[in-house]
Amino acid sequence: MSRNAFFRAGWVLMTLAAVGGALLWMTVGGARRIFLIGETTVAHHQIELACESCHTAPVFAAAATAEKALNTACRNCHEDELAEADDSHPRKMFRNPRMAVYWDKLDARLCTTCHAEHRPEITRKGAVTVAADFCRACHSEGDQDVRTDRPSHAGLAFDTCASAGCHNYHDNRALYADFLAKHANQPWLSAAPVHTLSARQRTPAPAGETALERSDALAPVAALTDPTALDQWTGSGHAAAGVKCAGCHAPEVAPDAPVAEVEARWIAAPPLAVCRSCHKAEANTFARGRHGMRQHPMIAPPRDAAKTAIGAILQETIVRWLADATHPTRMTVREARLPMRAAAAHKVLDCGTCHQPHAVDVGQAAVKACVTCHDDPHSQAYVGSPHHVLWQAEQSGAAAPGTGVSCATCHMLKSERRGVIATSHHQNDGLRPNTKMIRPVCLDCHGLGFAINALADSGLVARNFRGRPAVHVQSIDWAARHTASETENTGR
Amino acid sequence: MLSFTEELVLLLNDEDGVPLPIRQDVAACALAGAVLMDLAFDYRIDTDFEALVVHDRTPTGNAVLDRLLAKIAARAEVCDTKTWIGILSAEEAPAVHDEILAGLVEQGVLAVRSSKFPWMGSRRRPGGGGETAQKIRLRIADVLYSHDIPDPRDVALISLLDACEILPEILQTQELADLRPRITLLRKMDLIGREVAAAIADIERSIIQAVRDRAAQFRKLLLILSAVAGSTAGATFVLPRVPVADSFGAALRMHLWFNSGWQLWTGYALLALASAGILAVVLMKVRRIARFGGHNWWRLAHAGLGVACVLALFVHTGFRLGANLNAALMVCFLTVLILGGLAGVCNNAAGELRRMGVPPRVRIIPMRLHTVALWPLPALVIIHVLAVYLY
Chain A
1 MSRNAFFRAG WVLMTLAAVG GALLWMTVGG ARRIFLIGET TVAHHQIELA CESCHTAPVF
61 AAAATAEKAL NTACRNCHED ELAEADDSHP RKMFRNPRMA VYWDKLDARL CTTCHAEHRP
121 EITRKGAVTV AADFCRACHS EGDQDVRTDR PSHAGLAFDT CASAGCHNYH DNRALYADFL
181 AKHANQPWLS AAPVHTLSAR QRTPAPAGET ALERSDALAP VAALTDPTAL DQWTGSGHAA
241 AGVKCAGCHA PEVAPDAPVA EVEARWIAAP PLAVCRSCHK AEANTFARGR HGMRQHPMIA
301 PPRDAAKTAI GAILQETIVR WLADATHPTR MTVREARLPM RAAAAHKVLD CGTCHQPHAV
361 DVGQAAVKAC VTCHDDPHSQ AYVGSPHHVL WQAEQSGAAA PGTGVSCATC HMLKSERRGV
421 IATSHHQNDG LRPNTKMIRP VCLDCHGLGF AINALADSGL VARNFRGRPA VHVQSIDWAA
481 RHTASETENT GR
Chain B
1001 MLSFTEELVL LLNDEDGVPL PIRQDVAACA LAGAVLMDLA FDYRIDTDFE ALVVHDRTPT
1061 GNAVLDRLLA KIAARAEVCD TKTWIGILSA EEAPAVHDEI LAGLVEQGVL AVRSSKFPWM
1121 GSRRRPGGGG ETAQKIRLRI ADVLYSHDIP DPRDVALISL LDACEILPEI LQTQELADLR
1181 PRITLLRKMD LIGREVAAAI ADIERSIIQA VRDRAAQFRK LLLILSAVAG STAGATFVLP
1241 RVPVADSFGA ALRMHLWFNS GWQLWTGYAL LALASAGILA VVLMKVRRIA RFGGHNWWRL
1301 AHAGLGVACV LALFVHTGFR LGANLNAALM VCFLTVLILG GLAGVCNNAA GELRRMGVPP
1361 RVRIIPMRLH TVALWPLPAL VIIHVLAVYL Y
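For the record, the sequence lines run as chains A and B. Every letter in the first sequence is one number past the one before it in my numbering, and letter 444, counting from 1, is 444. Here my numbering runs 1000 ahead of the position in the second sequence, where the first position is 1.
Check each hint, because a few of them may be wrong.
Said to hold, decoys possible - Below, in silico cross-link-like pairs of lysine to aspartate or glutamate (DMTMM-like), each with a Cα-Cα straight-line distance of 25 Å or less:
#1 B:Lys-1082 x B:Asp-1042
#2 A:Lys-125 x B:Asp-1042
#3 A:Lys-280 x A:Asp-350
#4 A:Lys-125 x A:Asp-304
#5 A:Lys-105 x B:Asp-1042
#6 B:Lys-1135 x B:Asp-1246
Since the hints were made in silico from the structure, they are not lab data. None of these values were measured; they are calculated from a predicted model.
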């Protein structure tokens, strides 16, 4: 065989081997980071290797089919959230054929028109990948031209619509004109600043009939020798709600089962599913946030190479090599893109990371757990900030429940439904954008104008609201003037 | 005794049997000239400034020479030597090369080497011959370094090698400079009959003219294309990427580099151009195909496609290197283009580089690196395309 023929054969073999290996990585298992076409957004980087979560189209599907499948995946996770936000630009509005004239300009039927993934170069705040003046596409011509019917908007540039703190594309619950006008002229701080839902949640309830004593603990003798755990449990919400030790450590046994059976089925470290069995709302919202996104039901689990058709015929060594080791089902602090404390890098995020398993100390989960890991300027500045001082006062009993402001007060939004107050564990829900916090959090204590200005002042946010806003968002003034003018006209 | 043509074919390879970095059009002209010289020495043809005529159609006994003699004799139109050099180099050089190799194998000068590979079948091709070629080189050296009266055929061979600029590839640059007076003297020697000498001189002139004409026609263009392709590809590493549009409506840039549909089609265009570029080289090696248009046109097509690839790469990426696998593909592609451009420059500015003292083995390095850099490219392209369709 000549030298040239040898090299050519080697070339063909190497090419085939490389393509074959890449195909196995892509379809069976293994590290797929090399196939990422660009850095994933902060919102999705945790699930960037669970490719099938978003790329659900069949192999070699047409571009339109792939795009459609991609958008279906977006909606699978974000549709409820948009509905809750009373989306100002819902998809159904643009699916109307009368809106076809806008499809060529900016196809708002597709999430990916504005939120293309793996495009770091054009990714702006909020994972937006179109130019900041994208509002121009629909609101610069004809009867949709905002500059003609609103004199206040006459000289404004389109790239300031969102950046000036006046509008959001999706969630304008705290920014629409009537709401602004209604809450104009409010003082910066209310006379009795109390976060109502927090106050109700933190007000100690009288001991109920279900409250348990130390002697009610149903556990093996060996477990009962730990006095700290028992003390913590008796003071916890679990004991108050009648949940015995076996309720978590032996969840499959009946509440009145004998100790021997409990001992036989005792689990030293109950899995996450045990928490989820009672705290469904918390678990569901946890899976929607950045802490627990990997556990979201729509996120593809790590691939099991052995269970694939190709994996079944491959040698065990190759199957082990193809394992999806780089895609754990839980987020770790080490993987975070935000600044984190080095000492916390090893932490794996689940219920027990923030909540002490026995004490269930809300104070621990509301502040200490956060600042143990987060090391960004905003988190660093919290300790000693006005909000923290109020929180300490409440914790010490010097101030009434609900007057303190913890990390959780702002970042874990509370809602009431049928008399039950639920704490969303989707901790970044109020941050996309941060004006989403205004109605459920800020307005309980602050005036709307102050809240909008404060949240628009990035420096003040970084200082954790030590001081007064240096930014003035004019929308509230314009809305008030516009309403007054209309009232005057109507009166005439 | 070997003919001019046979000796020339042997001299076109170095001691290891590796082809010398001689432009293929020059080698083709040299082969055509060698054939005519053989016929002139055998008193079968005669030439003057206006015509090349056959005055003896008796076969020479050499199949290649007899076939070409018949071809020249069969042509009704009378052509001058330059025209025949052109015709034979364009139409017959690849075939003559193959037939000469086969003849050398028959004579036992070359051996047939088998290439066997389990799933690629076997190939037999002539090889070896280094010893005979070395003898010819020594004979040439003897003529050049001694002051004896040389054999007229050796003088004619030296003149042919000198006329086709092959001599500098055989001798060191400094040696050649020192030997220039002796070469000039040899070319002026009246060692052969007047008629044959006139024919040989006419053939030499015609070869030089044909080579120069062709070189002038293509070399500058190839040089420019190679330089443009290489430097533009190299600039991609240096130039900042074209910034994205800051305002809505500046659509073209955004469509080109951030719209999946547009990128798909520009990617396919790039793939087609790159494949055509590789195909041009492959076809150039297939002699039956390469004779259409001649090697220069195929080389021109290859260089032109290289430039087109750089442009298509810009349209596809906007000077963005990308990330991960895409970055590897982009770096590989650019390296191939840069080395290709450099190889084109080395090939088409061989004379200038030779005068600058750059030895042939150095001049051929970019070409070899260009080929090596091409190795991972098909795999990376296939994986890139698969990734696009799978995700």
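Evaluation of the provided hints:
Restraint check: the Cα-Cα separation between Lys-1082 (chain B) and Asp-1042 (chain B) comes to about 20 Å, which is no more than 25 Å; the hinted pair holds. Restraint check for Lys-125 (chain A) and Asp-1042 (chain B): the C-alpha separation of about 86 Å exceeds 25 Å, so the hint is violated. For the given pair, Lys-280 (chain A) sits about 14 Å from Asp-350 (chain A) by alpha-carbon distance, which is consistent with the 25 Å threshold. Using a Cα cut-off of 25 Å, the hinted pair Lys-125 (chain A) and Asp-304 (chain A) is violated, with the two alpha carbons roughly 36 Å apart.
Between Lys-105 (chain A) and Asp-1042 (chain B), the direct Cα distance comes to roughly 80 Å. Violation of the 25 Å bound is thereby established for this hinted pair. For the given pair, Lys-1135 (chain B) sits about 71 Å from Asp-1246 (chain B) by alpha-carbon distance, which is inconsistent with the 25 Å threshold.
When held up to the earlier numbered hints, the structure conflicts with 2, 4, 5 and 6 and fits the remainder.
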